[in-house]
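*Asks:* So the sequences go chain by chain: F and U. According to our numbering, the first sequence is numbered sequentially starting from 1. According to our numbering, the second sequence is numbered sequentially starting from 1001.
Careful: at least some of the hints might be erroneous.
[To be verified] What follows is a set of in silico ranges between Cβ atoms, one per label pair, in the way DEER data are often shown: (1) U:Ser-1115 with F:Ala-189: 36 to 42 Å; (2) F:Leu-278 with U:Asn-1083: 42 to 48 Å; (3) U:Arg-1167 with F:Tyr-110: 41 to 47 Å; (4) U:Thr-1017 with F:Asn-65: 30 to 36 Å; (5) U:Asn-1083 with F:Leu-45: 34 to 40 Å; (6) F:Tyr-110 with U:Ser-1115: 40 to 46 Å; (7) U:Glu-1107 with F:Leu-278: 49 to 55 Å.
[Stated by the list, open to error] Sample of chain F residues at the chain U side, in silico, Cβ under 7 Å: (8) Glu-142; (9) Glu-454; (10) Glu-457; (11) Ala-458; (12) Thr-461; (13) Thr-465; (14) Lys-468; (15) Arg-471; (16) Leu-475; (17) Pro-476; (18) Pro-521; (19) Val-525.
[Unchecked claim] Pairs of lysine-lysine residues, derived as DSSO-like cross-links and limited to a Cα-Cα distance of at most 30 Å, are as follows: (20) F:Lys-108 with F:Lys-211; (21) F:Lys-505 with F:Lys-479; (22) F:Lys-519 with F:Lys-505; (23) F:Lys-519 with F:Lys-179; (24) F:Lys-519 with F:Lys-385; (25) U:Lys-1317 with U:Lys-1351; (26) F:Lys-109 with F:Lys-479; (27) F:Lys-385 with U:Lys-1113; (28) U:Lys-1065 with U:Lys-1122; (29) F:Lys-30 with F:Lys-385; (30) U:Lys-1224 with F:Lys-30; (31) F:Lys-385 with F:Lys-179; (32) U:Lys-1074 with F:Lys-479; (33) U:Lys-1351 with U:Lys-1307; (34) U:Lys-1297 with U:Lys-1317; (35) U:Lys-1224 with U:Lys-1122; (36) F:Lys-479 with U:Lys-1307; (37) U:Lys-1224 with U:Lys-1317; (38) U:Lys-1065 with F:Lys-25; (39) F:Lys-30 with U:Lys-1317; (40) F:Lys-25 with F:Lys-519.
Quick caveat, the hints were computed from the structure, so don't treat them as lab data. Every residue gets a Cβ at the ideal spot worked out from N, C-alpha and C, and that includes glycine.
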Amino acid sequence: MPAVEAEKTSRFRGIGRRVISRLDKLSEEKTVAYSLYLASIVFFLGIILLPSLLGILLKLDTAMNVVTNPELLNRSFSAVFSSIIMAGIVSALDVAAGLPLAWIIARKKYRWLNIVDSLVDFPLIVPTVILGYSTLLLWCEETPFSIIGFTGVSPGFITVLLLHFAFSYPVVVRILAGKLMDIEATYEAAARTLGACPFTTARTITIPMLKSGIIASLILSFARSLSETGATIMVAGSFENGPVFIKKSIDAGLVPPMVFVSLVLIVLSILILAGLRLFGFKFRMPFRKAYRIEAALSREGVTRVRDLSAIIIFLFLVLLPACFMVLARMPLMLSYGLLGEIFTLRGAWSTYWISVLNSYVIALLTTLINVVFSLPTAVIITRRKLGGLVSRLLEALSTTSIIMPSVALGVSLSLFWGASGISDFILVLLAHLCITYPYMVATMVSVLEDIPVELEEAGRTLGGTPFKVFRSIVLPIAKYSFLSGVILTFTRSVNETGATLAVSKTFKTVSVLLVEWVKSPDMRVEAGAGTLVLMFLSIILLVIFRYIYTKGGGGLA
Amino acid sequence: MPKVVLERVSKRFGRITALDEIDLTLDDGEYSCILGPTGSGKTTLLKIIAGLVEPDSGDVYIDGKRVTGTPAEKRNAVYMHQNYALFPHLTVSQNISFGLTARGFEEEAARRKASEVLEIVKLGEWANAYPRELSGGMQQRVALARCLATGARLLLLDEPLGALDARLRLEVRGELSRIAEELNLTVIHVTHDQSEALSLADRLILMRNGRIVQTGSPEEVYFKPNSVFSAYFVGESVFLEGIVRRVDGRVVTLELRNGTIIEALSGDGFNRGELAVAAVRCEDIKVGGGPLTARLKEINFLGSFSKLVFELPEGLKITANIPLSRFIEEEFRIGASFQLSIPRERTRLFKQPPMGLAGEIEAV
Chain F
1 MPAVEAEKTS RFRGIGRRVI SRLDKLSEEK TVAYSLYLAS IVFFLGIILL PSLLGILLKL
61 DTAMNVVTNP ELLNRSFSAV FSSIIMAGIV SALDVAAGLP LAWIIARKKY RWLNIVDSLV
121 DFPLIVPTVI LGYSTLLLWC EETPFSIIGF TGVSPGFITV LLLHFAFSYP VVVRILAGKL
181 MDIEATYEAA ARTLGACPFT TARTITIPML KSGIIASLIL SFARSLSETG ATIMVAGSFE
241 NGPVFIKKSI DAGLVPPMVF VSLVLIVLSI LILAGLRLFG FKFRMPFRKA YRIEAALSRE
301 GVTRVRDLSA IIIFLFLVLL PACFMVLARM PLMLSYGLLG EIFTLRGAWS TYWISVLNSY
361 VIALLTTLIN VVFSLPTAVI ITRRKLGGLV SRLLEALSTT SIIMPSVALG VSLSLFWGAS
421 GISDFILVLL AHLCITYPYM VATMVSVLED IPVELEEAGR TLGGTPFKVF RSIVLPIAKY
481 SFLSGVILTF TRSVNETGAT LAVSKTFKTV SVLLVEWVKS PDMRVEAGAG TLVLMFLSII
541 LLVIFRYIYT KGGGGLA
Chain U
1001 MPKVVLERVS KRFGRITALD EIDLTLDDGE YSCILGPTGS GKTTLLKIIA GLVEPDSGDV
1061 YIDGKRVTGT PAEKRNAVYM HQNYALFPHL TVSQNISFGL TARGFEEEAA RRKASEVLEI
1121 VKLGEWANAY PRELSGGMQQ RVALARCLAT GARLLLLDEP LGALDARLRL EVRGELSRIA
1181 EELNLTVIHV THDQSEALSL ADRLILMRNG RIVQTGSPEE VYFKPNSVFS AYFVGESVFL
1241 EGIVRRVDGR VVTLELRNGT IIEALSGDGF NRGELAVAAV RCEDIKVGGG PLTARLKEIN
1301 FLGSFSKLVF ELPEGLKITA NIPLSRFIEE EFRIGASFQL SIPRERTRLF KQPPMGLAGE
1361 IEAV
């Protein structure tokens, strides 16, 4: 290394070290810790919780318009009912179909499993709206690849179901596989040597131990299905659930139905999710006995069929829709020579690249801000820094915005902040913060819960300041789950459309732009090319994330 | 030099009083063992000294400086957790360097110091191994080395030998006292194992229900227990309940439930007709020749000594420990009658505990 450069690096190191030692000093002050806690609570209340709810609550009086109009009331209730039914079916299917695949990933040792394992995450980097359009192409429209899909379905209940299944399935598999890996194989081994066949072991030992994971999966897929808007509209046809109804009434310039349906949805889903949490944990599967059919189900042939169907379901109902749009548009893209044009930055493509930049800036800021504020929140929740009551309350409230239809959230935010005259950029940022916050807090909480407190205590009495203990003990131990939280937040932000559309007409993220392109008949091939590029960018970005993270983690320790 | 003083330290967790106005002074260079049953508040006391738990009231002084409210990393008191809490993602050497880099050492200097300390605990060649690759005993030594490397002179050990097997425990026990002596450390060692406490401690602190029951040298606590609980928790005793029949100077005569009469020496003022508990060490009971006639019910051969359980009339049981030499010389047959005596100068007499004898020793 040339001398000048070496000097520069060492100067950088010097500055870095000074910053770190300054932070070390700061973290020793109790007031600093408590101001951080306070700031994170203020952030949660002032930026996340109240704006998402107050915007709607302030218009509560207008909801009476709906109540007095029987026809509107009827439609509202049927939309809410459809939402709940859909969310219920989707979450049940997710767990039923996700568990076998999670099991394969966690318990089997095939070499090709690594590929399946990484493919599971793939649908997450496809913007949900594109997934919606892809679903439509695959199941409903004539394409050069129609042979793969079944073209006889018309948009409606079934397509919405297929869509919701496809976008919530990867997260469910991730959660279940992660929890399964945490359950030591020794319990299963014990059950087997005590004479239980694999199926009985799964039913009586593993699945009961997996309960918290199953409940978390149900809650997450239920909430996602309830709140997704952009893609659902695309494939809904005449089917109308809560978010579709809300979007339609907003487009028609009507606020009261949106207020009414949002409120009913929020109240109902809080009740349902609270019920799930409460009774889900109390629910115990009766033990009874080992049924004869369980031995039959444990036979190798049967388990092979099961594993194979799990993989086929994943490939055809999740992975294929995720990449079908790119696949279907490929021949046209190639014949237009579009792929070369993308990088010329001409015409539509300059708009495209600006929107990509917009998306990444927003996603980066969203992730950073959320990390900074959700970490102290997670510390308050897991380490009970402000008492048990505050912990429980904060944990329950922090998941509220997860169940709000994203469109309703967006409208509520623009009603709340609208009068203040802040820029569209900030509005979009605020919306993305609200949407990703629950995911981030939940990840951080599970990260911190998994780290034994005694490691932190040991670090402290050995002379480490809170900041030193955090960066060289907590972070390195938790780095993979921490990373997955960061990635989840980042991709959610890049792929968000519903709320973004609702808060801003001028500031376009790439997902919003792609939706526009998909909707206009002469830009559909470009939409395919744009999606393809976005997918590549996301993959590159994920790899970079992982690289920086592993490098950075090592250097900091 | 670290001298530790606690003044009226109290701590409650919800409705449970973990510590109740503890006053304690530990001298510099002293090896103290805090002994007590589970839930007696030992660990809480240690964590309060370490700064991991703040007391609700009262003060902690280390080295004459008030440290109440001072964060753990500023106290120069290292706390060793009973599971060692080795950082799983760091090598042995990195684990040991942690406290040094935290104190501002450069990485290289920290590593050098770490390898020095590793030599003290004889694990030089394991510097680059990860904790999971070490046996329990080795992990224990790494944890100790990690504490020593910080240069802290106050070592707080929470059940440091609890996770080791019996033989290793004896070995490490010797090691601990050697290191503490060589480095002139002030050590506070929490344990529920009385033999550990008796063999290691300069000063023994016996705790129960958040209070200190007795402090003193191991010999003092062993030979002069100040309560039924002390006599019960340290050493092995036979407890006999009875009514005081006569007080003649220091000699107190006690009538047991079955009418047997025994004598004890006591400085406390006992009155006739009062209920009292006599405690005798099992090894002080003389078998062969004496006023009490008892039948041998049970023999427990334990190697260096044997435990003989005798029964007096009306089911009253007395356990006597006899040395191996005696056990070989004589024939002890179950069912045979023996004469026992309880030497009055070795018998301690206590007032009847408020919850009764059973309440005092069974609630442990």
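*Asks:* Output the indices of the hints that this structure fails to meet, ascending.
*Replies:* 2, 4, 8, 15, 16, 18, 19, 21, 23, 24, 27, 28, 30, 35, 36, 39 and 40
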